[in-house]
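*Asks:* For reference, the chains in residue letters:
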Amino acid sequence: MMQAAFADYVFDSQRTFRELLQAMARPAQPRPLPVLPPSPAPIAPAAMAILLTLCDATTSVWLQQPEEEAISHLRFHAGLRLAERPEDADFALISDPASMPSLERFAHGDLRYPDRSASLIIQATSFSSSPCMQGEDGRGSHTVASTQDCATPPQPSPASRGGSNPAMRFAGPGIRETETLAIDGLPSDFWQQRAAMAAQLPLGVDLFFVAAQHVVALPRTTRLLES
Amino acid sequence: MYVAVKGGEQAIARSLELLAEARRGDTAVPELELAQIREQLRLGVARVMQEGSLYDEELAALAIRQAAGDMLEAIFLLRAYRTTLPRFGYTQPLDTTAMRVRRRVSGTFKDIPGGQVLGPTYDYTQRLLEFDTTTPAVVKSAETPLPSNMPRVLDLLDAEALIERIDAGSDPEPMDLTREPLMFPADRATRLQNLARGDEGFLLSMAYSTQRGYAESHPFAGEIRMGEVDVVVCPEELGFAIEIGAVTLTECQMINQFHGGNGVPPQFTRGYGLSMGEGERKAMSMALVDRALRCDELAEPSYAPAQNQEFVLSHSDSVEASGFVQHLKLPHYVDFQAELSLLRTLAAQHATDTDEQPLSAAGGQRP
Amino acid sequence: MTYNFAFLDEDTKRMLRRSLLKAVAIPGYQVPFGSREMPLPYGWGTGGIQVTAALLGPDDVLKVIDQGADDTTNAVNIRRFFARVAGVATTEHTAEATLIQTRHRIPETSLREDQILVFQVPEPEPLRTLEPREAETRTLHALADYGLMHVKLYEDIAQYGHIATSYDYPVLVDGRFLTSPSPIPKFDNPKLDRSPALMLFGAGREKRLYAIPPYTHVESLAFDDHPFEIQCWEHRCELCGSGESYLDEVVVDDQGTRMFVCSDTDFCGSRRTEAQA
Numbered sequence: 001m002m003q004a005a006f007a008d009y010v011f012d013s014q015r016t017f018r019e020l021l022q023a024m025a026r027p028a029q030p031r032p033l034p035v036l037p038p039s040p041a042p043i044a045p046a047a048m049a050i051l052l053t054l055c056d057a058t059t060s061v062w063l064q065q066p067e068e069e070a071i072s073h074l075r076f077h078a079g080l081r082l083a084e085r086p087e088d089a090d091f092a093l094i095s096d097p098a099s100m101p102s103l104e105r106f107a108h109g110d111l112r113y114p115d116r117s118a119s120l121i122i123q124a125t126s127f128s129s130s131p132c133m134q135g136e137d138g139r140g141s142h143t144v145a146s147t148q149d150c151a152t153p154p155q156p157s158p159a160s161r162g163g164s165n166p167a168m169r170f171a172g173p174g175i176r177e178t179e180t181l182a183i184d185g186l187p188s189d190f191w192q193q194r195a196a197m198a199a200q201l202p203l204g205v206d207l208f209f210v211a212a213q214h215v216v217a218l219p220r221t222t223r224l225l226e227s
Numbered sequence: 228m229y230v231a232v233k234g235g236e237q238a239i240a241r242s243l244e245l246l247a248e249a250r251r252g253d254t255a256v257p258e259l260e261l262a263q264i265r266e267q268l269r270l271g272v273a274r275v276m277q278e279g280s281l282y283d284e285e286l287a288a289l290a291i292r293q294a295a296g297d298m299l300e301a302i303f304l305l306r307a308y309r310t311t312l313p314r315f316g317y318t319q320p321l322d323t324t325a326m327r328v329r330r331r332v333s334g335t336f337k338d339i340p341g342g343q344v345l346g347p348t349y350d351y352t353q354r355l356l357e358f359d360t361t362t363p364a365v366v367k368s369a370e371t372p373l374p375s376n377m378p379r380v381l382d383l384l385d386a387e388a389l390i391e392r393i394d395a396g397s398d399p400e401p402m403d404l405t406r407e408p409l410m411f412p413a414d415r416a417t418r419l420q421n422l423a424r425g426d427e428g429f430l431l432s433m434a435y436s437t438q439r440g441y442a443e444s445h446p447f448a449g450e451i452r453m454g455e456v457d458v459v460v461c462p463e464e465l466g467f468a469i470e471i472g473a474v475t476l477t478e479c480q481m482i483n484q485f486h487g488g489n490g491v492p493p494q495f496t497r498g499y500g501l502s503m504g505e506g507e508r509k510a511m512s513m514a515l516v517d518r519a520l521r522c523d524e525l526a527e528p529s530y531a532p533a534q535n536q537e538f539v540l541s542h543s544d545s546v547e548a549s550g551f552v553q554h555l556k557l558p559h560y561v562d563f564q565a566e567l568s569l570l571r572t573l574a575a576q577h578a579t580d581t582d583e584q585p586l587s588a589a590g591g592q593r594p
Numbered sequence: 595m596t597y598n599f600a601f602l603d604e605d606t607k608r609m610l611r612r613s614l615l616k617a618v619a620i621p622g623y624q625v626p627f628g629s630r631e632m633p634l635p636y637g638w639g640t641g642g643i644q645v646t647a648a649l650l651g652p653d654d655v656l657k658v659i660d661q662g663a664d665d666t667t668n669a670v671n672i673r674r675f676f677a678r679v680a681g682v683a684t685t686e687h688t689a690e691a692t693l694i695q696t697r698h699r700i701p702e703t704s705l706r707e708d709q710i711l712v713f714q715v716p717e718p719e720p721l722r723t724l725e726p727r728e729a730e731t732r733t734l735h736a737l738a739d740y741g742l743m744h745v746k747l748y749e750d751i752a753q754y755g756h757i758a759t760s761y762d763y764p765v766l767v768d769g770r771f772l773t774s775p776s777p778i779p780k781f782d783n784p785k786l787d788r789s790p791a792l793m794l795f796g797a798g799r800e801k802r803l804y805a806i807p808p809y810t811h812v813e814s815l816a817f818d819d820h821p822f823e824i825q826c827w828e829h830r831c832e833l834c835g836s837g838e839s840y841l842d843e844v845v846v847d848d849q850g851t852r853m854f855v856c857s858d859t860d861f862c863g864s865r866r867t868e869a870q871a
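Protein chains in written order, with our numbering: chain A, 1 to 227; chain B, 228 to 594; chain C, 595 to 871.
If you are wondering where the hints come from, they were derived from the structure by calculation, not from laboratory data. Please note that a few of the clues may not be correct.
[Claimed, not checked] For each label pair, taking beta carbons as the anchor points, the in silico distance ranges come out as:
1) A:Phe11 <-> B:Gly346: 32 to 40 Å
2) B:Val458 <-> C:Glu749: 40 to 48 Å
3) C:Asp847 <-> A:Phe11: 49 to 57 Å
[Unchecked claim] Partial pick of chain A residues on the chain C-facing surface, computed with a CB cut under 10 Å:
4) Met2
5) Ala5
6) Tyr9
7) Phe17
8) Ala25
9) Arg176
Beta carbons: idealized from backbone N, C-alpha and C, even for Gly.
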């Protein structure tokens, strides 16, 4: 049986987009997504919300784990094209970050068109942010999202999950002073890969991380500060 | 006491009422019916469909009536309507070789297989105003009907290998300019798409300039044909082609001299134009401009406006041009204020400098 | 026939949304997008309208200004358009708005983190008047080669003693892309720097989108010996007495008598209301 997508596809995607836009505009600040649509494994509901909001027949999506049911669900509801290789993807869904391909594999754009680059949706185990100088209240130093909080059935947790990452400080456009964020479940050399990419700015890839109902973005311009 | 101008809302509402009144004119005169426009102003309808990028005679007629006969406004209305229409599918490429020809002329041969067919044309009217009500002559049907399939004039040259071959089968899938932005350099399919939507007046002038020395042109009208072409779709779920109707088209193939270069032997080259309905002036202009824009591919010297693809393609669209030219009537007083204060500063500076001028001219010491 | 919410179909909105996210991710870079033909003329805000349509939801409160004023005819018309096709609440008060679409001004009232400012842009390419070829300007951006602009500004100084650009004054965003702030007076340029609000720019006719994320360094070009300066007036607003706002010069009689009033009508009106209270 095919599961449903957004109940109200005009306004659910509009509200989701506004959170994604703010997430991209205010990097390293987790935000709750307003709607979590049903989603077949291995796609997390928050990742499905992003795919349904942004992808259609004109975008190509690379699935790290192209399970049959997930593919037919995406084809039916979004009509999207699947990319065979990471380098051909406009969007990539990373459902098992510990074994994800290197960031180098994805399209970085070219110097005249740096926008022709991939956006990655990475399903993290959890992430947490710490208090900072910014104006929004109610954000404490705690885990804001983990797959265990999820109202929908939790994803099967592969044994190969990467380890817990320490909190890191970020700066760059969209960040008033600095932001602190820890993302769990990434490959151990993930941050080295991303740092290597920074040398190619304005080329690069843009990252959305999801855990439970939260999303946090790291566009290419966000700098990881030496701790 | 000064009160800032208010009441934009009411002003717009009142303006719309005045427009509706002006558009209708004297109500003692019957309102134009769309069928009258469609039947009796068919060339206007064709132009609006062509530049509006939507083949729908009824909607084009409606747009012309709503625009009070302002063709550019009618084109804009049709474009604004089509912009959000869903795409149900794409047709197969139209086969103009199989056109049911109503008019077909060639300037390159005295006679051609299938013959020169004048059809309905203004070409040989004597442009005398017909003051009497026009009643159509009774048209006698031809003794021998036109052949159902007329060979293309350019194929005759092709047999002799004197004209460049165009292998349509190797063309990449064209992009859709109404869904994707124009990028430079633009390939030929994209350029033709832009020209097809381009303003007839603009293309006419550009084409004319190529004949007056602003490009190496030397064109001959190889063939112009007008008639009906079937529109065929092949839905994926059906797996076979079905005809969904027919459209009237005008096609022009220009033949241009080419002395060879860029690894290409001396031969005739082609310029291509296609227009919905009866749009001969548009199709011919398009073919000339298309050919001029091929200068880079053929390694021809490029110096004329009509050969400059950024110049031509960026300025061909009447909806873009009309909007931007006319946006100057919007308020700009904030920027004008900025310019005023800058100019006052510069003028004061100039006055000071001029005062000092005689001193230095007389060899005096500047402060 | 009924139109979709906010006029645009969902495919078009998704295309715009994808482009906007890339625009935010690459501050100041002009993202080409499949601009649609809107029911308003090109050059009259079609880029801003498409951006607003891609953002707009039923909970938004929309403000539209042109020249700083809510009641200029084009602002009224755009507001009317969205009230008609999206049924959203509209306001003239900057503080009440969640979305503000603007032409040629940035409101005087400081914007907040929960607000988005959408600019209408006629010519997104700051180098266009110096280099008309798009293929060439793209390359200059790729190389971050902005010598042309520096030479132009320097020649101004050599010739006039001043930089002779009073609006649409070029800025460098996040130290990388030379960007047009749209034809705002240079008076408004400092408001672009490290703004709490996200700023999005739409050029419909030219089919480009770009963005300045919040808290992003935006530098108006200048030279060490010719620092960037904004306009200032000897007058105050004759209606609200403000000495800090951008002023319009109004001719009030046949003798050419001038008076100066705030261009931001909401700012001016609010100050007068407060003064009366």
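*Asks:* If a hint holds in the structure, say so; if it does not, say that too.
*Replies:* For each hint, the structure was consulted:
no. : hint                              : result
1   : A:Phe11 <-> B:Gly346: 32 to 40 Å  : 55 Å, violated
2   : B:Val458 <-> C:Glu749: 40 to 48 Å : 57 Å, violated
3   : C:Asp847 <-> A:Phe11: 49 to 57 Å  : 53 Å, holds
4   : Met2                              : 20 Å, violated
5   : Ala5                              : 12 Å, violated
6   : Tyr9                              : 7 Å, holds
7   : Phe17                             : 5 Å, holds
8   : Ala25                             : 5 Å, holds
9   : Arg176                            : 5 Å, holds
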